[in-house]
Amino acid sequence: MVTIDDYGDYETAWCPGCGNFSILKAVKQALVASNLKPHELLFVSGIGQAAKAPHYLNANVFNGLHGRSLPVATGAKLANPNLTVIVESGDGCNYGEGGNHLLAAIRRNIDVTLLVHNNQVYGLTKGQASPTSAEGFVTKAQPQGVPSAPFNPIAVAVAMKAGLVARGFAGMSDHLSELIQQGIAHRGFALIDVLQPCVSFNKVNTFGWYKERCETLPPGYDPTDWEGAMKVAFEWGDKIPIGIIYRDNRLAFEEHFPALREGTLVGLDVDPVMLKKIMNGYG
Amino acid sequence: MKNHSDNKTRRMLNILIGGEAGQGLVTVGQILAKALVRSGYSIVVTQSYQSRIRGGHNTLAIRVGVDEVIAPCESVDLLVALDRDTVTLHSKDLLPDGLVVLDSASEIDGDSLLKVPFKELAQERFSNIAALGVVSSLLGLDQGLMAGTLDDFFGKKDARLAAENDRALAAGVGWTTTHGTSSHKLSAVSDHPKRLMMNGNEAIALGAVSAGLRLYSFYPMTPSTSIGLALAGQAKRMGLIVEQAEDEIAAINMAIGASFAGAPSMVATSGGGFALMVEGVSLAAMTETPVVVVVAQRPAPATGLPTRTEQADLEFVLHAGHGEFPRAIFSPGSVEECFHLTRKAFELAERYQGPMFLLTDQFLADSYRAVMPFELEDLTPVRAGKDVAESPPYQRFAITETGISPRLLPGMTGHLVVADSDEHTQDGHITEDLSMRRQMVEKRLRKGGGIRAEAMPPDVEGDPNPGLLLVSWGSSKGAVQEAASLMKSKGERVATLHFSQVWPLVPDQFMSHLESARQVVSVEGNAFGQLARLIRRETGFDIKKKVLRYDGLPLTPESILGELNR
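Residue numbers (our numbering), protein chains in the order written: chain A, 316 to 598; chain B, 58 to 623.
Read the hints as simulated data drawn from the structure, not as lab findings. Among these hints, one or two may not hold up.
As the list claims (entries may be wrong) - Listed next, the stretches of chain A that the computed footprint assigns to chain B, with coverage defined by at least 3 CB atoms under 8 Å from CB atoms of chain B: (1) 369 to 382; (2) 411 to 420.
What the hints assert, rightly or not - Derived pair list, reagent style BS3-like, types lysine-lysine, alpha-carbon separation capped at 30 Å: (3) A/Lys591 x B/Lys443; (4) B/Lys293 x A/Lys591; (5) B/Lys251 x A/Lys591; (6) B/Lys149 x B/Lys242.
What the hints assert, rightly or not - To give an idea of the chain B side of the interface with chain A (calculated C-beta under 8 Å), a few residues: (7) Asp248; (8) Lys251; (9) Leu253; (10) Met254; (11) Met255; (12) Glu259; (13) Val266; (14) Ser274; (15) Arg294; (16) Ile298; (17) Asp304; (18) Ala307; (19) Gly314; (20) Gly319; (21) Leu433; (22) His472.
Quick reminder that beta carbons are idealized off the backbone N, C-alpha and C, glycines included.
If we strip away everything but chain A, and leave its shape as in the complex, we get:
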């Protein structure tokens, strides 16, 4: 049996009170509940405070470039589908720098769980607007307020019929852990957008602000009802719905490839007879 101790306990570079701590805890709980051993997991992350999270637990880790985690995760999952692949990075990484890769990952439906620490601000670079910052949000870089409308990841993902679309809140760690478990168990792409206060740079969307608004979806809510999910995707105000918002069971990307019939691309021999046949086809 896997226990939480298998995932270790490490010193972090995060601010005291950061939402990242409870997300890390929820991740570890979900891994234990999923009975996954550290070496069966690959965390891929980008750049930002959230992207450091995989360094603070025991697992295989590829901490790559800003915004480019999803392609790396896609390549790794295709190479070895036996790995459970989780991408963990922030709103800047996934919704800004790597926006095109998010669209492609949803289209592919690669069996990767994307965990977005969404604090609506850039923390590591000290407080500029993020793609999810509210219009009018004032920062040192946007002193007149953010002039653009915020990106709605849930609406985009539901519109594209992503495999699994969920929203969690760092302040509700057990609920979040349950979402992460479902994301891991889902065979296909799973987006889990995690609302998270930034204690240093976001004085608007604070812990209290989120706590007041976040509300779990009502019992009986049907995440397979796409039209219903599209409505929920636009609910953002006094009430912010959290939970599994949409689910679609189409074929996972890696299931399309004949090359993966054997299970993995790792350690395969080159078929000399077939290679020669292909070469002689040029004759």
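Let chain A serve as the given structure and place chain B on it in line with the hints.
Just chain B now, kept in the frame of chain A:
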């Protein structure tokens, strides 16, 4: 028309087929080239096309010989004009005893014309096949072999189409038997080995698969795209994944992810796409992940001339990626070298755990040649990862004498594999320990010593004490060697120094040649003389005279001699 027939057969000919995009001239050219290879001839194909789907003016030239052909040439023996522009644009290149094949409906008149009534021979959509019949008959090809090659090309799925094609071919042949000339008959080749017809991109694809490639991710960009097409055609049979990525940034990051997890990977692109990949190159270096990067050059800056050729990205590829890290850059000079050097790039990428490069160009990418089948039996694929004793703690970036650390694959053992684009400790975790930083820089750079020790020396041919030494790299190898042998036949003492690996440069391998020549000239397909600049930087030796071509066309023996004699 004038009758040239003198019963003398030709040992070498340059055939230029020209027409609009969409007229099927590439189809005709490929089938003719294949028939020539099957008949035992050597070929060099040069494709020159515009960046459009229909219309415009495109050409496909086949230089064919009984003896080995190593370069394209500009003068034309047989001009096959599928449109009027071909005659007006290329008549100037026609040799005095050359022949133009054109439609009799054309109002063009003059000597050296073979006017063919294509409308009488075949329906319009098959007139390119009728032209193929005319040309194959003029060249004296075996008609059974020609018809078989045509059938192989289109397959037998559509019986009616096959019958129409056969009929058009036979009509062309039949007409030529009565109305043609024997002036351009090729000397027959007897007793020839079976050879393949392959272009540079196809050879790269085959070399990669033989080396153990498992994942190829790409974004289409001329002239690299056909590598992906060749691989996609083999994917199911060879157990590969070929994925068209959303952009070049995704392509290289996907390849890095796959390689990290244990699937040997490759990407190919051209200059603009490579510009997008550059951060990924640096990531592969920092995380010490093997990846092979093919850059098929085309004229730039920016979009440049998308379908033409150039050798102007040597400095770019050499310096691509922020920070300092070792690399190797191969620049194949032939289709065979495309195959072998791709394999070599895979081997180095795996052994030294980082990005390795292949620098080709449109000319070589699209240039079909007759090549001997590769001896696949003796070739072993790379094996991802490096075994270590299962004694904890495992350190992915353990500091070693060679700089090479034990590369385990995630999920394949109980050990955890951690890699970071940030500077990291030996176990792969992010660090700002500045003494560790220094050690890691030195560890990475130590791998460069191994890469350098494995550097291939440049090819040296010709006079041991030359009055003139021609220095070149990449796809111009054949053109430079032919130019040199033409000069030699006129009594000049000339030699060539050709680099099929342009980095690392090891001066001990070539300085004596530079120093012993009376005059050294660099011959390059760019405007700076980039190899000459690199040699000067690395050795202090200044190559003052340069023959440079940057009009979008490949270097040819004539263009080199023309510049040298100016």
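Self-check item: Violations among the numbered hints
Solution: 7
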